[in-house]
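Starting from the known structure of chain G, fit chain D onto it as the hints suggest.
Protein chains: 2
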Amino acid sequence: MDTHVVIMAGGIGSRFWPMSVPQMPKQFVDVMGVGRSLIQMTVDRFSAICPKENFWVVTGERYVDMVREQLPDIPVEHILAEPAARNTAPCIAYACWKIRQHYPDANVVVTPSDALVLNVEEFRRIIGRALAFTENSEAIVTVGIKPSRPETGYGYIKTGYVVDDEIFKVSSFREKPSLEVAREYLQDGGYLWNAGIFVWNVNTIMSALYRFVPDMTSIMDEMSESFYTPYEKETVARLFPTCEKISIDYAVMEKAENIYTVPADFGWSDLGTWGSLWTLMERDENGNAIVGEDVRVFDCKNCIIHTPDLKRVVIQGLEDCIVSKHGDRLLISRKDHEQKITDYSKD
Amino acid sequence: MDTHVVIMAGGIGSRFWPMSVPQMPKQFVDVMGVGRSLIQMTVDRFSAICPKENFWVVTGERYVDMVREQLPDIPVEHILAEPAARNTAPCIAYACWKIRQHYPDANVVVTPSDALVLNVEEFRRIIGRALAFTENSEAIVTVGIKPSRPETGYGYIKTGYVVDDEIFKVSSFREKPSLEVAREYLQDGGYLWNAGIFVWNVNTIMSALYRFVPDMTSIMDEMSESFYTPYEKETVARLFPTCEKISIDYAVMEKAENIYTVPADFGWSDLGTWGSLWTLMERDENGNAIVGEDVRVFDCKNCIIHTPDLKRVVIQGLEDCIVSKHGDRLLISRKDHEQKITDYSKD
Chain G
1 MDTHVVIMAG
11 GIGSRFWPMS
21 VPQMPKQFVD
31 VMGVGRSLIQ
41 MTVDRFSAIC
51 PKENFWVVTG
61 ERYVDMVREQ
71 LPDIPVEHIL
81 AEPAARNTAP
91 CIAYACWKIR
101 QHYPDANVVV
111 TPSDALVLNV
121 EEFRRIIGRA
131 LAFTENSEAI
141 VTVGIKPSRP
151 ETGYGYIKTG
161 YVVDDEIFKV
171 SSFREKPSLE
181 VAREYLQDGG
191 YLWNAGIFVW
201 NVNTIMSALY
211 RFVPDMTSIM
221 DEMSESFYTP
231 YEKETVARLF
241 PTCEKISIDY
251 AVMEKAENIY
261 TVPADFGWSD
271 LGTWGSLWTL
281 MERDENGNAI
291 VGEDVRVFDC
301 KNCIIHTPDL
311 KRVVIQGLED
321 CIVSKHGDRL
331 LISRKDHEQK
341 ITDYSKD
Chain D
1 MDTHVVIMAG
11 GIGSRFWPMS
21 VPQMPKQFVD
31 VMGVGRSLIQ
41 MTVDRFSAIC
51 PKENFWVVTG
61 ERYVDMVREQ
71 LPDIPVEHIL
81 AEPAARNTAP
91 CIAYACWKIR
101 QHYPDANVVV
111 TPSDALVLNV
121 EEFRRIIGRA
131 LAFTENSEAI
141 VTVGIKPSRP
151 ETGYGYIKTG
161 YVVDDEIFKV
171 SSFREKPSLE
181 VAREYLQDGG
191 YLWNAGIFVW
201 NVNTIMSALY
211 RFVPDMTSIM
221 DEMSESFYTP
231 YEKETVARLF
241 PTCEKISIDY
251 AVMEKAENIY
261 TVPADFGWSD
271 LGTWGSLWTL
281 MERDENGNAI
291 VGEDVRVFDC
301 KNCIIHTPDL
311 KRVVIQGLED
321 CIVSKHGDRL
331 LISRKDHEQK
341 ITDYSKD
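Protein chains in written order, with this note's numbering: chain G, 1 to 347; chain D, 1 to 347.
Be aware that one or more of the hints could be misleading.
Put simply, identical chains are the same to the list, so a pair is met inside one copy or across any two.
In silico PhoX-like links for lysine-lysine, alpha-carbon gap of 20 Å or less [what the hints assert, rightly or not]:
hint	residue 1	residue 2
1	Lys146	Lys169
2	Lys146	Lys176
3	Lys335	Lys301
4	Lys233	Lys158
5	Lys176	Lys346
6	Lys169	Lys233
7	Lys255	Lys245
8	Lys255	Lys346
9	Lys169	Lys340
10	Lys346	Lys311
Think of the hints as simulated: they come from the structure by calculation, not from any bench.
If we strip away everything but chain G, and leave its shape as in the complex, we get (with noise of 0.2 Å):
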């Protein structure tokens, strides 16, 4: 099985501010504070499942050095630069089309760079299922989470009949859904969370793109003439921006027949909010997580700490508070009001 794992590091984690700037978008950073950054994880994660040679990182221009810096193992040549963000079908389709041109056969995972994952067992079981799944089947496979809260921030999977043991069809993909409805859905249990995770093999999803997103794929094919040669740069530069911003979900998910989906239970998080971070890190007594080389808490409670550039911090009376010092910013909010930061920290 010739399998390809594509990871989608365009993101800039605006969310996080100031341990996720422009200048250090939180896939690379060590958000958990274990000595790894999330794309680091990421790639750990995946190493079981095919060997570093066939690892592809998709990123902007300007995350290039750092991408390979942080993961030396990847060949060079699979970095895929952006010249423009241009949402996830564009990306996926630059890195499908160069694939195909050397893999013909290509089983391909694409994954989030920014995400966590808890159990990494789990996790590879259900991967190496669906890549199983997709190897002999023109199926599109997006891996759905089982839904453990009433989440509003998350779009949903609803399931149909069951194919083929752990692999069932989708029935429909629902938006970010109210409070109430997503409290149905965790009742009903038929629903899953879209974790932005796909399992395809290239020529399905290649023909998907066709059939759906025609005006792109004429111009993943001129610019595929460049594919391998040194006039793939300046030819990305000048036609990949000319593709619509426009997601893999809106793009094929929604529209195509062939859709399936594993619904998995690995401890998934996409770190989309300080909050979902504080829940997913060890936390002291008092309940206050820390990443930090000499951090101090006292009459602290529920705080999560991210000073990881400091040498000491002493901290006293705060509860239920964020505190990040990265570079020359530094946040202390309120956990309740993190929906805010974005603005508040904004140029």
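Just chain D now, kept in the frame of chain G:
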């Protein structure tokens, strides 16, 4: 009149961690966010009283370069390095013995380097008044601050009879009082804060030291043979640390007869605590006192924020707190816990 100013700059300001750290004590910090450190403001304050060639700074050896850098107008040979901290009496003696050799009739003002004066004009008038008095008398004058609150953190001066217009005989010195006693002092009106600003003729203070601390003056006499020679540094390094640790208050002020005071009201603070600093700083409509480049506060009240080396700070939801970031250290604490900061932050 041959006036000299001696600035005592040996303190390490541990109560202001992390704004003030042993590598960079508060006298060298731009505490008020005005572009001048406290020692620079001290020099500015005295600049109308005598030329810069008559300024002397006594400081720890490790701070000599910092003094040179911050006070380039002060003659390098007037920066006296204490090889070890021995409290104020040896510090003052070293400066006075040295001044006496070249300026045998010098009138000397001794001042801390890290206090704040709001009304500089009145300050100069008071110092001028004290200097005029000591020029023609063997008086030891200490500037007494008219108390504005029942402060328990300072020693007090009990005034005696009036001598000459604004000059009073000192009746006695009183230790830091209880709150009850401090209230009585305030009510009484005859008590002043001891600000550690002294004025005297160099011969007057030397006589007093010869009388009350003869062991120390023997050391000073021996040391002084090397003054202004290539052997000074080595001799001081050998002898100065053999002095007893003793304050000028204990060595002289509480024992001598010829002690006088000028009651003064020029908006003085020793900047001893974050709380006292907060009361002296400009504050926004919510009572927040801020020193920093781009500090954005939301839902904050009565905070003191001192983050001059950060480019952007966002703080939401803090009340009555101190936030201070300097170098690789960060403090967040409730103001009413500030007496614990030294403990919390120690090595």
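Hint-by-hint comparison with the structure:
Only within a single protomer do Lys146 and Lys169 lie at most 20 Å apart by alpha-carbon distance; the minimum there is 15 Å, versus 84 Å between protomers. Taking the closest pair of Cα atoms, Lys146 and Lys176 come within 20 Å of each other only inside a single copy of the chain (15 Å); across copies the shortest separation is 66 Å, beyond that limit. Both within a single protomer and between protomers do Lys335 and Lys301 lie at most 20 Å apart by alpha-carbon distance, with minima of 12 Å and 18 Å respectively. With identical chains, the CA atoms of Lys233 and Lys158 are never at most 20 Å apart, being 40 Å at best within one copy and 83 Å at best between copies.
Proximity of Lys176 to Lys346 under the C-alpha cut-off of 20 Å is found in neither arrangement, the shortest distances being 25 Å within a copy and 49 Å between copies. Taking the shortest Cα distances, Lys169 and Lys233 never come within 20 Å of each other, neither inside one copy (39 Å) nor across copies (87 Å). Proximity of Lys255 and Lys245 under a CA criterion of 20 Å is satisfied intra-copy only: 17 Å inside one chain copy versus 85 Å between copies. Taking the closest pair of Cα atoms, Lys255 and Lys346 never come within 20 Å of each other, the shortest separation being 36 Å inside a single copy and 62 Å across copies.
For a Cα distance limit of 20 Å, the shortest separation of Lys169 from Lys340 qualifies neither inside one copy, at 38 Å, nor across copies, at 62 Å. Proximity of Lys346 and Lys311 under a CA criterion of 20 Å is satisfied inter-copy only: 13 Å between copies versus 27 Å inside one chain copy.
Of the numbered hints listed earlier, those contradicted by the structure are 4, 5, 6, 8 and 9.
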